[in-house]
Every structure is written in structure tokens, then in C-alpha cells.
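Place chain B on chain A using the hints.
For reference, the chains in residue letters:
2 protein chains.
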Amino acid sequence: MANDKTVSSVGEFGLIEHCFKNLGRSDIPGVGRGIGDDAAVLFVPRTQDLLATSDTLVEGVHFTRDADPRQLGWKALCVNLSDIAAMGGEPRWYLLSISLPPTTPLAWVEQLALGLAAAGERYRVALVGGNTTATTGPIVLTISLFGVVGNGRPILRSGAEEGNRIFLSGTLGDSVLGLRRLTGVDRGACEKGMVDFLLDRHVRPMPRTELGMALVDAAVARSAVDVSDGLLADLGHVCAASGVGADIHLEKMPLSLAARQWLGDGDGDRWRVLLTGGEDYELLFTISPGALDQIPAIAEKVGVPLTEIGVITREKGVRVWNSGKPLVLSDAGFKHF
Amino acid sequence: MANDKTVSSVGEFGLIEHCFKNLGRSDIPGVGRGIGDDAAVLFVPRTQDLLATSDTLVEGVHFTRDADPRQLGWKALCVNLSDIAAMGGEPRWYLLSISLPPTTPLAWVEQLALGLAAAGERYRVALVGGNTTATTGPIVLTISLFGVVGNGRPILRSGAEEGNRIFLSGTLGDSVLGLRRLTGVDRGACEKGMVDFLLDRHVRPMPRTELGMALVDAAVARSAVDVSDGLLADLGHVCAASGVGADIHLEKMPLSLAARQWLGDGDGDRWRVLLTGGEDYELLFTISPGALDQIPAIAEKVGVPLTEIGVITREKGVRVWNSGKPLVLSDAGFKHF
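Line by line, the protein sequences give chains A and B. Residue 65 in our numbering sits at position 76 of the first sequence; the count goes up by one each step and never skips. Residue 259 in our numbering sits at position 270 of the second sequence; the count goes up by one each step and never skips.
The shape of chain A in the complex, shown without the other chains (with noise of 0.2 Å):
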């Protein structure tokens, strides 16, 4: 279609005959009926539970009208896959509800449609149904993501034991310092690679998936979150609802090579930007002292570090540990409002 047609051009049913139709991909088992009646009809095995997580992403909030399209398609389902495998499910189906303006551009949506079609193949994820809406006010893409994992095998945040070691997978932090750079934050003299890095790891994100079925398969994970809001907050999330606490240590902190280099001496405020930065879509979990042994095989399995970073603890709070001192930080996390 030509490049200067509007969604309102096209309307709703073009929109989703020209853009999505194609995401509902034929080879994701379990699509009995997909876009196109009122519901989809999906099938369960017998021997899985279902998984169900959603995510929103706000125009002026979560993205920038300029920010690239394609790239906002690619992290709007993924955000949500983070969210599967945080559980140690296989993602499968997802519903995508969007409200966009009528005078948004059909290319925008198309390459809206690009980055879904990306991500979906990557991860193996098919588009079941949605809807669009007009709105007056900012884009807002929504996306419903189902998965699967054997029948009583999720990992909950709620498992984690006082004794337990708190692994993280990749790297902390990158994804904010990638931000501050997109926003102007940082400014100073950087090496060009490592700004592509960082960026790439904000607009890019790869969610855990593999790890987390692996972690699954192997049966080692007391608990598990994905580092979305913060190491902070989300290590605090599974403290609270396991009714426990941690003990974590800086100097262990697994960091990128642009990530230590913006570090540099390491004072708390930077520290912080870290701990506190979010979006990091890497897992957080925790297993106990006797399957550590079988961390390397799956880390080398999966071809992701994961790194041990602290040990859960009876008494509750997060302690955060400098070379054996206290770092205090005054807040936590990404907040919603």
C-alpha cells in the first residue's frame, strides 16, 4: 500500500487484514481457531498448565512518537515473554490490543507489525486474536501473552528458601545506562561500540526464555522473577511474597564491559542506576546450596552467564554488601505512576 496512507484509510478490518493477519503464524502447535471469530480457540496438553501475563506500552511513558517502530513491536511482546519465562514456561499465543490515533500512518503500524513478526519468530509465538480501536490520545499497545509448562512445575516467586543462592542471568544494568544515553542523561566521551551495545540492550531486550524452561527441565529453581522494575524491587518481590530476605554483593554484580567502564570506581549513586534501572528482562532465582553444581551445564546449555550475586536470608529486607560494607540506598525501582 502506498507509504501515505493513514490507519482511518484503511480502517479497522484493512488494519488487521494488512498488518497482523499474517503474525498468526501455522506453525505454533495448539491454534484451533486464531484471529477472526470472537474468540480464539486454543488447546491446552493435558499435561501443562496454562500461563497468562500482560503488558502495556503508553506513548509518552514507555516510548517516544520517533522511537522506531519495528523496534517498539519487538519489545512489546518480549516484555511480556520475559514475564513466561520468569515462570519457566514455553511461550505459544498472544492477543494484541492497540488504540491508536486515526491519523498514525499505515507504515508505522506495518513496521509495528515487523518487530511482532520478529520477535514472534524468534520465540516461536503466534498472534490468536486482539483488537484496534481508535483513540484521541497517545498509542497504546497491550499484549496478552499465554504459555505453557508442565502440570505443578511453574517457578514462583514465592518459593525461595532462607539459605538459597541468588543467581542472575547476563549482565545488570545495561539496559538503563543504554536509556540515559538515549535520553541525554549520559553525555560524556564514549567508546561507539559500547553505545550501540547499550542501546541495543534497551530497545532490544532477549528474554530468557530458553533459561527459564531450562530451569525448569533441570527442576533447580526455588524461585524466579524477571528484572523488569529494578534488581531491587524485584529481588524485594520474591523476599516479600517468600517472606524472606537477601544479602546481595556488589563486588559479584555480573557487569557488561561498557557497564564497568561507566562504573568506573564504582560510587554508590552509580551503583544505584544499576540496582535500581530496570528493564533488564534478565531472571533473577534462586536454588539451594546442594543443585549448584548444576548451574555451569545449564548456563553453557542456554549460552547465557549466570552468575551467583547473593544468598537469601531468614531476616527480611534487601542488604546490599560493598567489599563487606552496607550500601544504603533511599528508594528502589521503576514507578508505575
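Please note that a few of the clues may not be correct.
One copy or any two copies: either way a pair holds, since identical chains are not told apart in the list.
Unchecked claim - Derived lysine to any residue pairs resembling SDA-like cross-links, with alpha carbons at most 20 Å apart:
#1 K305 x D57
#2 K(-6) x T92
#3 K10 x G232
#4 K10 x A230
#5 K10 x A229
#6 K314 x E199
#7 K305 x G25
#8 K10 x S147
#9 K181 x T125
Simulated from the structure, these hints should not be mistaken for laboratory data.
This is chain B only, laid out in the frame that chain A set:
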């Protein structure tokens, strides 16, 4: 809490705790884990298929800021319940995604939650997760609703066959007449009881959940759709999906006393309003003539009138007959953009 509080003063977690947590009913089957983890854990019985749908309401498009938030909560859930009803499913669980300006009064959200609670109670569905975000624009509310139905038993839009009789539940067009009163399009003198009835039909739809389930139990419906975009548009969806056409007859249309009074001697323009107004949330379904004798018992069982309004034809397109003469309509159905 005090009534002058806003959502930003309680924050995301306060909002969930205060307004939404008790929507996670404990009497709904299949909830392994509801609100409070990365994803909900749900159990779908092995004898049943899963149904999933989502619908969005946008302030300024689907409701105004001065709309009663309690009625809005009811309606937001019910428009989704209507989709599950159209598939013949039993509704179970839902996710709520809501984007709110930080200045939204907490009392508004409390009232919304009361409306959701009332519909959840009436139709026996539980909130199992979702998300809240800030927005700089209008309030946007997306619900994703899940239901279950016997394996292979969902009623699709695509099953209509030549010779099928077309049935409509309840009465036609009351909702759009209520909307016209609400927005001042219709101002003429009208008995107060009638006005109240029409307004109620608009703001408090009653999804035909029991009817959908009864149609599945009796295995009579060949196709079904809920009337949300307008009778002509939704019948058009069934015909397009099934590769057939339809003849419908105005003299057979089930009308409320209020609609009949408004219609008067029934010119084409007034019929057009009733046929295209939408938001009836009645079920339109087709059955083979051999199943006709089962309809009265179903209507009696669920306490909803079921009226034969026409027949499915091999010839494509929807033709409307007014006492044997064709009614020509230029346009059909609610445009989303």
C-alpha cells in the same frame, strides 16, 4: 482511604492492593496462581478447549470522563463476556490492563473495581492478573478474558450453511436508542420508564453466557456471533466466514416496546439505526431446520426470547426485506476508525 487521593498518591502496588486484589475470587475453578506473580497459573481441564478474547474501551471514544465508572467496569467485562458467549464458552478468568492519568481520583478506580466485581459475581469470573500504567492521555482499559468449552465444541462464525434458520436473542437496537438519548440525538418526549429501559440496555449489557452454553449443550448451533458492531455487520461476518448469504425480514425482528414506539411506522432510516447501531450484545446464531423444535425449550431454560429472523442462502450478501420489499441500506456497522 480518603476520597481526595489520586492514583499517583497510592502508586501501582497500592492501587492493586486497594482496588483490584479482591477481584481475584476464590470460588472460581482452575486458578493455581492469580494476581501477584509474573504470570497467572491456570488449569484447563483436559476435556475442554481454551477460549481467549480481548476488548478495549478508550475514554473519549467508548465512554466519557463523566461516565459512571461503576457502569464502565461492568461494561468492560461484559463486552468480553459476550465474545465468550458467542463461542458457547463458560467464562473463567481475566486480565485487566489499565492506563490512567496520575491525577485520576482513587475514588474513580474504586468505583470501576466495584463494577468489575459486580460483573465478576454475576458471571462467575475472576481477575487473575494484568497491569496498571500511567498515561498522559485518555484512560484506556483492556480486558483479556478466558473461557472453556468442551473439546471441539466451540461455535464458530464459519459454520453457517444454506437453509440454516437465523435466530436473534433478546431484542434489537435498544442499546443504540439508549446511546442516542444519552448523547442528545433523540430528544423527543418519551415515557420515563422507556428512557430508563433504553439507557440501561446501553450502559448495562447482559451478555448471553447461559444461552451460549445451552446452545453448546444442545449441539444445535451451526454458527454464532455476538451483535456488537450492529446486526447487519455481524451477520455479514458470519456470511463472509461461511461463504454464504442471508435474507432477513424486518417484520420478524424482535423489538422492545420502547424500540417499537420509537420506530413508529418504521421508515428505512429508523430501521437503519436499529440494524446498524451495535452494542446489543445479543447472540445471533444459525441452526439447521431439523433443530427448530429444540429452540423453545432452550429459550425457556435460559429465560431469553429467541426469534427467527431469516434464513441463510447460497447467494452471497445480506438482503433485508420489509414486508416482501427490499430495503436498501448504504452502510453497515460501527466503524472503529
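Original post:
Which hints, by number, does the structure contradict?
Top reply: 1, 6 and 9
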